[in-house]
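Listed below are the residues making up each chain.
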Amino acid sequence: MAEERRGEDIVSEYLGQNPHLAQWVESFRGYCETNKQWSARREFILRNMEAFPTIDPGVHSSSLDRLLSLSMVWANNVFLGCRYPQAVMVKIKDMGEGIVVEDVPVRTTRDEIVAKGKRNASSGNDGDSCVKKAKAGPNEGDGRPACQKQGPSPQAPAKHQPFFNRLYKAVAWKLVSAGGFGPNLDHHEILQSCVESCKQSLNCVFVPLKDIPDLPASRVQKEGQVCELRCSTVYMGTGYGRDESAARAMASKEALKTFQGHKVTVKICRRRYRGTDVEDVMLLDDQPRSQGFPPALSYPFLADSGEGGAS
Amino acid sequence: MGVPAFFRWLSRKYASIIVHCLEEKSKECNGVRIPVDTSKPNPNEVEFDNLYLDMNGIIHPCTHPEDKAAPKNEDEMMVAIFEYIDRLFNIVRPRRVLYMAIDGVAPRAKMNQQRSRRFRASKEGAELTEEKAKMREEVIQRGGYLPPDEIKERFDSNCITPGTEFMDNLAQCLRYYVSERLSNDPGWTNITVILSDASVPGEGEHKIMDYIRRQRAQPHHDPNTHHCLCGADADLIMLGLATHEPNFTIIREEFKPNKPRPCALCGQMGHEIKDCQGAPREKQGEHDQFADTMPVSEQEFIFIRLCVLREYLEKELTMASLPFPFDFERSVDDWVFMCFFVGNDFLPHLPSLEIREGAIDRLVGIYKDVVHKTGGYLTHDGFVNLERVELIMQAVGVAEDNIFKKRKDDDEGFKRRMKEKKKRMKAERAPAYLTTGQFAPQALGGRNRPDAVHNARHQAFDMRMQHNQVPGPDPNPPPPPPLSQSLTRHVLWVCSGGPSGAQDARGVKRKAEDSDSEPEPEDNVRLWEDGWKQRYYKTKFDVDASDEDFKKKVVRSYVEGLCWVLRYYYQGCASWKWYFPFHYAPFASDFKDIKGMFSDFEKETKPFKPLEQLMGVFPAASGNFLPETWRELMSSPESSIIDFYPDDFAIDLNGKKYAWQGVALLPFVDERRLRAALADVYPDLSQEEVRRNSLGSDMLFVRKSHPLCDFIKELYLAESQEATEMPAELCHGIQGTLTLDGDPILPDKPVQSPIPLLRDIMTNSAIGAKFLDPQFAEDFVFKATVLPKAKMPAKVLKPGDWEAGNRGPWRPQLGFNSNRQQAHLNQSGFRALGHSMGRSQGGQYSNAPPPRNYQDSYRQQAYRGGSQPNYLCCWGGGGGEEEEEEEEERL
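Order-wise, the sequence lines are chains A and B.
Each step along the first sequence adds one to the number in our numbering, with nothing skipped, and position 166 is 166.
Each step along the second sequence adds one to the number in our numbering, with nothing skipped, and position 315 is 315.
In case anyone wonders, no lab produced these hints; they're calculated from the structure.
Predicted model only: the values in this text are computed from it and were never measured.
Some clues are possibly wrong.
[Claimed, not checked] Just so you have them, the derived chain B footprint on chain A, three or more residues with Cβ under 8 Å:
| # | segment |
| --- | --- |
| 1 | 25 to 35 |
| 2 | 46 to 58 |
[Stated by the list, open to error] Simulated crosslink set (BS3-like; lysine-lysine; CA at most 30 Å straight-line):
| # | chain 1 | residue 1 | chain 2 | residue 2 |
| --- | --- | --- | --- | --- |
| 3 | B | K657 | A | K199 |
| 4 | B | K406 | B | K419 |
| 5 | A | K116 | B | K132 |
For each residue, glycine too, the CB sits at the ideal point set by N, CA and C.
Can you make the complete structure from the sequences, with help from the hints?
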C-alpha cells in the first residue's frame, strides 16, 4: 500500500508546505470530478507546472490555461477514453509519465465499436483488408499511462487472495453441477457466472494475433484473435481463437483449468508485455509450471517511474 | 425531446388525438401547374389562426433526405425548403400569423447533446464516404455500372448550426421567400409573418413558446386563437400543453417505420450500400415514365389535437376526495413535469424509467397515490415543489429493484423469441430442392442405396414437415479451422492440453458458429443483481458507493436540472449557463433530502455568440465552418482548449446494441477557458464574420394591403430610431415593438433573388421591420392557467355516462368537425360503379382496392413483385424492437 500511495503522499506533502498553492490549485477542480480523478489531475498539474515558467500562481494566464487544457486532455484520455490528434497524445504521454492511477476504467471508443460491427458483418470474406483493426487492448493508448518498467504493489496478492478463495469455491460447485470439467462446457459462461456470483466482473481484452510481439517465430498463424481475462486486475488466462468469442472461450477454459488443482494462489510473476519484462499479478494453481507465461495483452498497473516501481 | 418512443406510446394509448390531414393537391392543366388557392376554406373543416414552424424539422429532411436523392446544391435545398413550407401552408391555411423559427444559439444545458450529435454526425459522414468509395471501387472492378459520382461537396449536416454561412444564406432566402409569397399568393394576403432566424438566440420551438407566452400575458390577446405548431419532436406536445391554450394542434409528418431507403451508391431502391451490385437500373413503369418517382408514398401529415389529449388526461388524472380542490390545469402541469423524468434533451433519463416499459403509467399511478399525502401539486407555474417531488421519487425508488429484474426477464424473453424466430426463418430458407428418402441426393457409386418409398403419402408428409422443423446439427461439419499443428505446439498457452488442443479449438469454433449470436456487449453493471447501485456508481461514475458526497452532487445537479427544464418550458430560459455536468443520471432512490438542494439560478446570464457556440459544439473535423485561427484552436497541441476536441471518444452502449444508441463520453466545455481562448482570436474576424457572430432580431412582414403596413411605412418615413409599440387593434391583438430594419424590404422596391433559379421580385408588395416580443419585468411570472374568456372546444371522447338507448349509438368523431358530412354515393353513382367494376364479383366488399393515389398502389406492387427480398424483410418484422426502429431525431 505504502508504495502505491507514494505519488499521492508527495503531492499532499508538497501542498502542505505550500498552503497558498493548495488553495489555488483546488480552484481548478471541476464540479463533476471525482476525488480519484481530481487527485490524479492535480498531480499532473503540479508535476508539469515547472515546464510552464510563465505561470504565476493566483493569476489566470494563457499558459496556465494551456497547462489546464493538457491536464484535461490527459484526464479525458485516462478516465473517459478520449483520443486526441497524435501530436497532442505524444505530448501528454510525456507529461503524464509516472502518475499512478489505480484501476483505470476500461472504455471502448466509437471507432472500436464501429470497426467491430464491420468485422462481424464482413467476417468470412476479406475480413482484414477493409477494416481498421481494433486497437491492441483498450489500455494501450499512445497516451494512456502505459508503463513498461513498473509493477503492482507487493501487497496485491494478499489483497486479492481472499476473493479468489471464494471464487475457487464458486467454481468448484458450479463445475460439480455442470457435471465436471470437460471440453463440452460453455467455459466462458461458467467462469463469468462464477465471477459475477462473487460480485466482481470479468474483463476481456482482445488483441488480433498479428499485433502481438513476443510470439514464437515459427508460428504460421497470422489471423485470429487472442483474448486475455482478468478479474480485478489479476490475470486469469489467455486464449486464441478464430474470432473473439472463440478466443474468449479458450481463455476461459484456460482460466478454469487453474481451478482444477487443490487451491489457487495469487502471485506476482515476471512475464513479457509489449516487448519488455514486467511484473504482473497472476492467478496460479499449485502445479509446477513447465513453460513460461504467455505475454500479457494488457497491463493495468501504473507505477511511479521516477521512484522506480519494482523493476 | 430525446424520446422517440414517447410519441409512439402516446399515439397508441390516446389514439383519438390523431387526425389525418386532408391535403388539396395542385392540379396540372396542359402542362401548367395550377397552384392551390389557400384563401379558400380549409378542407380539414377547421380554421387555424396561427401556424408556427419549427424550421429545423424542415431544414434537415430538405437538405439531406433519407428516402430520396439528396439535392445537388444549396440552391436546390432552398427550393426544397420553400416547397415544404408551401405544402404545410396549404394544409394548415393559417389566417393570421405565420411564425417561422430557426434554432438560434441554444442554452448551455443543450450543448452536451448538440456536441454529442455533431461529433457523431461528423464521424458517420466520414465513414459513409469511405464506405462509398470502397464499394464503388469494388463494384466497378466486378464490372458493375454506377452512375458517375457527381462532383459535389459532401453536405455536412453540421452546417445546420447557428453562425454558419449556410444559416446566414438560409435567412436571406427566407426573407425573399416571404416577400415573394406575400406579394403573389392570395392565401397570404392577410397574414402577418414573423421570421426568427438563427441569429436570434434560443431553440426554435422555445422561441415560438416565448412568443405565445408573451402574447397571452398581454391584455389584447385573443384567448380563442387557434394555434397550429409544426414539428416532430415529442416535446412540442409538452410545450403545447404547457401553454394552457384551449385550441392547440400539432402537425407533423406521419411516422412510418422501416421506410425503404435508396442505396447511397447507385440510388436504386431495394438494397443497402453494402449489397450494391451496380446492376442496370430497372425500368420504372412500362415506358420508364416513373423514372424520377420513388416507389414510396409521399410523406403524409397528421394533426395531433391537444384538446383531445387534454380530455384523455382529464379522465385519467381526475381524483376524487382530495384533501384540496382538484384543479385539472395544475394536474396537467404535473403530468408534463413527470414526463421529463422519462427523458428530455437536457438530462439523461433515470435508469429505472423507460418509456417502453410503461414508465409514464407507473408515474401517474404513483402520483395519484402520493398526491393524497403531499397536500398539493408538484409544480406551480413552472416552479417545482421539491418536497413533494421527493415523495414521488421515493415511491419510484421502492420499485426500482423490481423494475430492473423485470427488465432483465423481458429482455431474455425477447432474445429467446428472436432466436427461435431466427431459427424458424433459417429453416424456411433451406433450399426447396433438398429432398429426402428415396429422392435424397446420393453420392455417385455409394453403396447405401436408399429404400424405395413404401408409403408415398407418409413420405410426402415427412417432406412437408421437414420444413417446419429446426434442422438438426449440420451433417457436414465445417472444414477444420486453419489452425496448424505447428502453431498448436508452439503457442502453448492456447492449448496447453497437448494434442487434444486442436480438437478443443474446433469444438469451440463450431459452438460459436452454431449460436450465431454476436458477442453481447459486456454489462458490468447488471442492474438486476444485488449490489447494482454500487456497481452502477463504480462503472458509470468511477466512484465507490461509499462516496456519499459525490452521489449527492449528482443528485443535486439532477434536481437543479429538473427545476431548470420545467422553468424553461413554462417561463423561458432561466439561465443560459446552467447544464448537467454528468453523463448519467442517479437512481430515483437516491433523491433524499432534496428540499434544500435548489434555490435559484444565476441571474442575467447571457447566451453564447453564434461563433462561440460553434466552437463549443463542433468537432475539429467541422472546423471548416470557422475562421482559420479559430479552427487552429481545435487541433493545435498549443491550444488552450484542445481538450474539448477529441478525435475519437468512448461510447458506453449502456445496454443498447448500436453505437448511435449509446452514451458518448465527451468532455464538457469549460466556458471560462473557451472565452479566454477566443478573446485572443476575436480580432481575426472579418467584417462579414463579425456580422454573422452578432445577435439579430425577429423580423415581421406584412403585405401592402394589411392595416399594419401603413403604420410601418410611416415609421420608415419618419426614420424613427427608437422602438415603437405596435397598435394592438391593427393586427388581431398582437403586441410587440417594431424597429427599423437596416436593409428593409419595402413595397414597390424590387427584391433581389438570392437563388439563380428564381426570379427577382419586381413588383414587391411586402414590408418588413424588426419585431420584439412584449417585454415584462424580470421577476414576472407567466401564469399557467386557462385565460378567462377562453371557450373550451367541444368534447370528442365518448362521455363516461353515455347510454346507448337514450341518444342513439355513439358515433366516434374522426376529424375536427363533429357534424362532418358523410360522403355517400347516390343511385347513379352506384350504377356507374357497378358498371365499371363488373358485377360478377359483386358483394359488399368486392376486392376492389381502396382508391388511393397511384404511387401508393405502385409501391404495393413493388413489394409483391418481391424481386428484392429486403422489402419483404421490412414488412415481416413482427413485434418487439425490430419494428420499433428508432425514429430519427432532428437536431
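Structure-based check of all given hints:
With a cut-off of 8 Å between beta carbons, the segment 25 to 35 of chain A has 5 residues touching chain B; three or more are needed, and the interface restraint holds. Coverage of the segment 46 to 58 of chain A by chain B is violated in this model, with 0 residues showing a Cβ closer than 8 Å to a Cβ of that chain against a need of three. A threshold of 30 Å between alpha carbons decides the hint, and for K657 of chain B with K199 of chain A the separation of about 24 Å falls inside it, so the pair holds. About 20 Å separates the Cα atoms of K406 of chain B and K419 of chain B, which keeps this hinted pair within 30 Å; it holds.
For the given pair, K116 of chain A sits about 19 Å from K132 of chain B by alpha-carbon distance, which is consistent with the 30 Å threshold.
Consistency note: the structure conflicts with earlier hint 2 alone.
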